[in-house]
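Read in order, the letters of the sequence shown are residues 1 to 711 in the numbering used here.
Don't read these hints as lab results, they were simulated from the structure. Hints should not be assumed to be uniformly reliable.
What the hints assert, rightly or not - Simulated restraints, written as ranges between beta carbons of each label pair:
1. Pro412 <-> Lys530: 21 to 27 angstroms
2. Ala411 <-> Lys657: 35 to 41 angstroms
3. Glu187 <-> Asn104: 19 to 25 angstroms
4. Asp489 <-> Leu629: 36 to 42 angstroms
5. Gly473 <-> Asp595: 49 to 55 angstroms
6. Glu555 <-> Glu639: 22 to 28 angstroms
7. Ala44 <-> Asp234: 45 to 51 angstroms
8. Pro412 <-> Gln667: 14 to 20 angstroms
9. Glu305 <-> Thr417: 39 to 45 angstroms
10. Lys530 <-> Ile47: 30 to 36 angstroms
11. Glu187 <-> Leu629: 55 to 61 angstroms
Stated by the list, open to error - SDA-like, lysine to any residue: derived pairs with alpha carbons at most 25 angstroms apart:
12. Lys661 <-> Glu708
13. Lys585 <-> Gly601
14. Lys535 <-> Asn491
15. Lys80 <-> Lys631
16. Lys659 <-> Asp679
17. Lys597 <-> Val203
18. Lys657 <-> Pro551
19. Lys243 <-> Trp112
20. Lys235 <-> Leu301
21. Lys73 <-> Pro62
22. Lys195 <-> Asp152
23. Lys54 <-> Glu306
24. Lys109 <-> Glu143
25. Lys109 <-> Asp595
26. Lys631 <-> Val556
27. Lys96 <-> Val140
28. Lys525 <-> Val556
29. Lys195 <-> Ile47
30. Lys659 <-> Asp690
31. Lys710 <-> Thr683
32. Lys80 <-> Glu708
33. Lys215 <-> His303
For clarity, every value in this text was computed on a predicted model and none was experimentally measured. From the three backbone atoms N, C-alpha and C, an ideal C-beta is built for every residue, glycine too.
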Amino acid sequence: MIFKRHTLMTSVALLALLLSCKEEKQATADITLVDRIDTTATNAHYISNRAPLKASALVKLPVGTVRPEGFLKEYLNRQKEGLTGNLGEISAWLQKDDNAWLSNDGEGKWGWEEVPYWLKGYANIGYLLEDKAMIEEAMVWIEGTINSQRADGNFGPRHFDGDNQDFWANMIMLYCLQSYYEYSHDERVIELMTKYFKYELSVPDENFLIGYWQKLRGGDNLHSVYWLYNRTGDKFLLDLAEKIHRNTSDWIGRQHDLKDIHNYYEVRDGGEAPDWYRDQIDWHNVNHAQAFREPAQYALLSHKEEHINASYENFEIIRDHFGQVPGGMFGSDENARPGYADPRQGIETCGIVEQMNSDEHLLRITGDPFWADHAEEVAYNIYPAAVMPDFKSLHYITSPNMVLLDAENHAPGIANTGPFLMMNPFSSRCCQHNHSQGWPYFIENLWMATPDNGLVAAIYGPSKVTAKVGAEGNEVTISETTHYPFEEDLNFTIETAKAVDFPLYLRIPAWTKQAEIAINGEKLKLDISKSGYAKIQREWQSGDQVTLSLPMGIEVETWEKNSNSFSVNRGPLTYSLKIGEDYIKKDSEETAIWDSKWQEGADTKKWPSWEVHPTTNWNYTLVLDKNNLEKSLTVEKKEWPESNFPFTPESVPLVIKAKGKQIPEWQIGQYGLVGELKDLPKTTEAPTEDVELIPMGAARLRISAFPELKQ
1 MIFKRHTLMT SVALLALLLS CKEEKQATAD ITLVDRIDTT ATNAHYISNR
51 APLKASALVK LPVGTVRPEG FLKEYLNRQK EGLTGNLGEI SAWLQKDDNA
101 WLSNDGEGKW GWEEVPYWLK GYANIGYLLE DKAMIEEAMV WIEGTINSQR
151 ADGNFGPRHF DGDNQDFWAN MIMLYCLQSY YEYSHDERVI ELMTKYFKYE
201 LSVPDENFLI GYWQKLRGGD NLHSVYWLYN RTGDKFLLDL AEKIHRNTSD
251 WIGRQHDLKD IHNYYEVRDG GEAPDWYRDQ IDWHNVNHAQ AFREPAQYAL
301 LSHKEEHINA SYENFEIIRD HFGQVPGGMF GSDENARPGY ADPRQGIETC
351 GIVEQMNSDE HLLRITGDPF WADHAEEVAY NIYPAAVMPD FKSLHYITSP
401 NMVLLDAENH APGIANTGPF LMMNPFSSRC CQHNHSQGWP YFIENLWMAT
451 PDNGLVAAIY GPSKVTAKVG AEGNEVTISE TTHYPFEEDL NFTIETAKAV
501 DFPLYLRIPA WTKQAEIAIN GEKLKLDISK SGYAKIQREW QSGDQVTLSL
551 PMGIEVETWE KNSNSFSVNR GPLTYSLKIG EDYIKKDSEE TAIWDSKWQE
601 GADTKKWPSW EVHPTTNWNY TLVLDKNNLE KSLTVEKKEW PESNFPFTPE
651 SVPLVIKAKG KQIPEWQIGQ YGLVGELKDL PKTTEAPTED VELIPMGAAR
701 LRISAFPELK Q
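Based on the sequences and whatever the hints tell you, model everything.
Shown next as structure tokens:
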């Protein structure tokens, strides 16, 4: 009995000692706030930029290292069961018979961008979900691509732009091969890319990247050259990088000589921009969203700050003229036009996912948390609105203000002739295939390695990462449990076989005020009041928990250049007027655009199209006391949906109650689009009514930019 009591006392003393040691360790942990993560070290466990390339700011983890959880996993499962997972059975461009991507000599009827566009997302969804059937199907195309390499090093379809090789589609397929290599370590990818890049280097400059798409989008080719160089160190790849840059469109010089463009900003020219405007600068929305980053990519080799700055300026220019709207994108329908910048103008779904990809690239290159903030803004607002909730159809154009989706022609109100607002599974063949990359690429970039052998939660969403950290490369798993972006708290739980010392970085978004961090329930005494990263350097034990709280106050953003319209934000989410939605099923064959094609024998009846018509009034603005928003806007939280899918009007876990007034003069105009803000009166005699706001991404019909009224 004495022995047992002595043992108990010893155990209590030992426990107290251990707790005090843990508290002392926690108290002495190195916790700092930094604007950028230091790049003087090189990560010992993951491939970083090799000299002379500029040091990696953030290091992308191999495909499969980050896994989706929560609603992000539900997203991927819906893509799998929806259009992405079934395109191989219905898309004409994905039929295997006579497909140039499966041909040893590159000949075939079907063979351009559609296969790699689709595979870029489809294969990665398979890797992230560990879906055997999807991976096996993806391997058909991977094997076909590898086997298509010819003696000169070229591979893929024999596709030409005039008399010159068209390298564009191969640029996309290189992404697919890189993801496959990161997942499988199949050395055939390294061999193929090495031979192919030697072939590219042998092509004379006067025949290289000649034409439209490939010349504008050479930055994608440059990225793949760097990827291979970081793995092999072959010096010829640096020569090829220089060659690609000098033959790519001049994205560095695009930020200059904008006086004339500014003068034309409020001018219409019969719906068409003047010749000099079209000839001087390409304003196709996807080209901007995808290729504006090329100067920053080249800066990795040039080491010139002016090249980094050029990408920032390219981003700002198009938003200054055409992006004075909520949701993160800009009004470019097909091509941005002077005078067409109202929030009824939209963005192509391809442009949305390519912007997300660009943000992820620039986040890794610069380490600037701005790009993570923007990736979330696009991903959590306008992208979900571009597709049907079951992911079985989508439309070409998505706008911040959009109150009718139908199969009519809305040109020249939008810069496309045809039924481009229709939710159709077959229309817009680029978006039909390319939209698949949006969520898997986003998920892969949630977590990244840091130069000092740590990890950074770079973009936020429910996920799990298993990676090597610390000096010895110990493997840890961190689970991120959260309903962000709808809720303020993010919970991180560390699992490790033994204690390991490494830095954990948490991004602090620009929109939050006074973020808070707690470790194992103990709140840290830190003044976190600006954007950057919180660095927590400590010896982590299995079971350690970190909670990051990001207060989400309601803010109103005024778009002065767009008739002083305004939008309502809470955290990373923009909120839109809730409009009743009536879904009307249509025959997809009858409502598809002119270049739509499907496989012979495909049952198009199983893949209907949808019109969405409003069932409630939509022509409201909000009545706000901008000096006391809490008085005007009330946040109402709801239960998290059982479906784990929060992006429908019925399932949103959070709404904002507000007051509004109708503007009777605000109607659908002559082109079947919501009327422009600049034409509206500044007063209304309408009574004040109760209205409800829901997250923009949940609204297939929406008013997100509200007209200004004189109070």
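Can you give the numbers of the hints that this structure goes against, from lowest to highest? 1, 4, 7, 15, 17, 28 and 32
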